[in-house]
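Protein chains: 2
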Amino acid sequence: MAKIEQVAVVGGTHGNEFSGIYLLKKWNKRPEYLEREGLTIHTLFANTKAHEENKRYIDCDLNRQFISTSLADNSLTNYEQSRAKAINAELGPKGDAKSDFIIDLHNTTSNMGPTLILLQSDLFNRQLGAYVLAKMPEAVIVFEDQVSLEEHYFLASVAAQGVIVEIGPQPQSVVRQDVLDYMEAMTQHILDFVVLFNKDEVTSLPESYQAYRYIESLKLPEDEHGERIGMVHKNVQDQDFKVLTKGDPIFTLFDGGEICYQGDYEAYPHFINEAAYYDNNLAMSLAKKVSMLTK
Amino acid sequence: MAKIEQVAVVGGTHGNEFSGIYLLKKWNKRPEYLEREGLTIHTLFANTKAHEENKRYIDCDLNRQFISTSLADNSLTNYEQSRAKAINAELGPKGDAKSDFIIDLHNTTSNMGPTLILLQSDLFNRQLGAYVLAKMPEAVIVFEDQVSLEEHYFLASVAAQGVIVEIGPQPQSVVRQDVLDYMEAMTQHILDFVVLFNKDEVTSLPESYQAYRYIESLKLPEDEHGERIGMVHKNVQDQDFKVLTKGDPIFTLFDGGEICYQGDYEAYPHFINEAAYYDNNLAMSLAKKVSMLTK
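Here the protein sequences come in this chain order: A and B. First residue of the first sequence? That's 1 in this note's numbering, and the numbers climb one at a time after it. First residue of the second sequence? That's 1 in this note's numbering, and the numbers climb one at a time after it.
I should point out that these hints are in silico values taken from the structure, not numbers from a laboratory. Every value quoted in this text rests on a predicted model; they were computed, and no experiment measured them. Among the hints, erroneous ones may be present.
The calculated DSS-like cross-link candidates involving lysine-lysine, where the alpha carbons are at most 30 angstroms apart (straight line), are [to be verified]:
| # | chain 1 | residue 1 | chain 2 | residue 2 |
| --- | --- | --- | --- | --- |
| 1 | A | K25 | B | K29 |
| 2 | B | K246 | A | K234 |
| 3 | A | K289 | A | K135 |
| 4 | B | K55 | A | K55 |
| 5 | A | K49 | B | K135 |
| 6 | B | K135 | A | K219 |
| 7 | A | K26 | B | K234 |
| 8 | A | K55 | B | K98 |
| 9 | B | K234 | A | K29 |
| 10 | A | K234 | B | K135 |
| 11 | B | K234 | A | K234 |
| 12 | B | K234 | B | K219 |
| 13 | B | K26 | A | K49 |
| 14 | A | K29 | B | K3 |
| 15 | A | K26 | B | K246 |
| 16 | B | K219 | A | K49 |
| 17 | A | K242 | B | K234 |
| 18 | B | K3 | A | K234 |
| 19 | B | K135 | A | K55 |
| 20 | B | K3 | A | K55 |
| 21 | A | K219 | B | K29 |
| 22 | B | K288 | A | K55 |
| 23 | A | K55 | B | K246 |
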């Protein structure tokens, strides 16, 4: 892999996820927090208009607009679809990007703690996960490598390497100090790793480590008319990355009934009851636990 | 005090506080959950339009529009100002209301647990607080009796008696089962109390109990241009109703500094880092602990 030189640090991709937005403000006043040997850092506030309206987005979710075919489709012209093309021009273009690496900063209302989402499982990403975990033992490493980078719809997929820093729990439109501190620390560890990786000086990593791999998403219970008839079970609420096995209750119906997990694998739920996912009636994501090698 | 016969149970006064909205749906299908001897129950979904847009409000906070002078001011015509007049016609009019009692259901992003906010400290409210606390020991009773009912701007002030059920922590636009369960249980206890009070059968209350009285609100730190320069200190985050004494850090500045509490009384913060209060740059409310008598 070629050296990483051009790094984009992006906040405010969702306008009501405040940590990245406040950190960008801080770092723009004090760029020394991001500066690293051999790296040129570019910061980007991705959706200022949504932030001004204190919403996740104006017309549609910006962080779902970066599939290569969508970027090439000039009939997609709403606010976020247009903004995605502008960001692709600024940081990309995807497939031949001027940015070598993108760090996109997000919050979740779910109790996920400091989570690093990696889009590929090549040596760079596997070692990055191990490095962050070594520096921040409370971190959680999630691989969302179920599709190719070209098919990924995340902003971070515009560069050949991109990651998502996802910290919660934080309500929408709030700044929590603990969450802000985690986000800043994780971003710094990622940048430190890039410098070491460039110099081929990554050392002292364990042979392998425990991570998670995204498998599927579960919907909230609906009736035949598509009306929501239940909610996340109180046993599951806030229990992100705690195992679910077949027969565990996962939903409570408003009429008092329960629905149990019926999957045939040990599932690690995350993004549990994330506010923004109600748009698509999603209740949680499920992952499998995996052992990742650092060689 | 005359008997309470006409009771209004209100949800969705803020469109992104989901618990009351989902409970109204449930109760409209199963009215037996609210039915009580001698009471006529009227339910009201106060701001459906804001809920459809998944926002607290369209133009301004509906729960600040019920001061008598505002209700009488026909020059106030935006969406919530108009909606307040319609609700006042439906449940009121304030000062001579057809509703005898209003229960208004709210959520907060703050870690306040199941809180009952009482607008007056007459015998009915003092005994109601004691009764709810006896039935639900984890409840918190807060008196916001700093102004007369006429000057109160809350929806619940339209009737001669009105209370706010305020349960958190719950992010905006989310349903948590624990919060929903608390709200339903507290509402039922309140209705049970009203039946007993009507029949003069309230018994077995302690002579006095511990409650809180609202004193003032604190703003988030701003610079001379009105720009926010700090956040709630991590020591205070989630510590609703835990005492603050002079010298305790309450804000962390984005540049790393700290601001300490300078008040000359033992303050009990609540609504700490409530998302909706950022509009007015409010950081938290402060209360004093008080002993309330039940005679």
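Taking the hints in turn, this is what the structure says about them:
no.	hint	in the structure
1	A:K25 x B:K29	violated (49 angstroms)
2	B:K246 x A:K234	violated (38 angstroms)
3	A:K289 x A:K135	holds (21 angstroms)
4	B:K55 x A:K55	holds (9 angstroms)
5	A:K49 x B:K135	violated (47 angstroms)
6	B:K135 x A:K219	violated (36 angstroms)
7	A:K26 x B:K234	holds (18 angstroms)
8	A:K55 x B:K98	violated (38 angstroms)
9	B:K234 x A:K29	holds (23 angstroms)
10	A:K234 x B:K135	holds (21 angstroms)
11	B:K234 x A:K234	holds (26 angstroms)
12	B:K234 x B:K219	holds (16 angstroms)
13	B:K26 x A:K49	violated (37 angstroms)
14	A:K29 x B:K3	violated (63 angstroms)
15	A:K26 x B:K246	holds (29 angstroms)
16	B:K219 x A:K49	holds (25 angstroms)
17	A:K242 x B:K234	holds (26 angstroms)
18	B:K3 x A:K234	violated (38 angstroms)
19	B:K135 x A:K55	violated (39 angstroms)
20	B:K3 x A:K55	violated (45 angstroms)
21	A:K219 x B:K29	holds (23 angstroms)
22	B:K288 x A:K55	violated (35 angstroms)
23	A:K55 x B:K246	violated (37 angstroms)
Of the hints listed earlier, those the structure fails to meet are numbers 1, 2, 5, 6, 8, 13, 14, 18, 19, 20, 22 and 23, in rising order.
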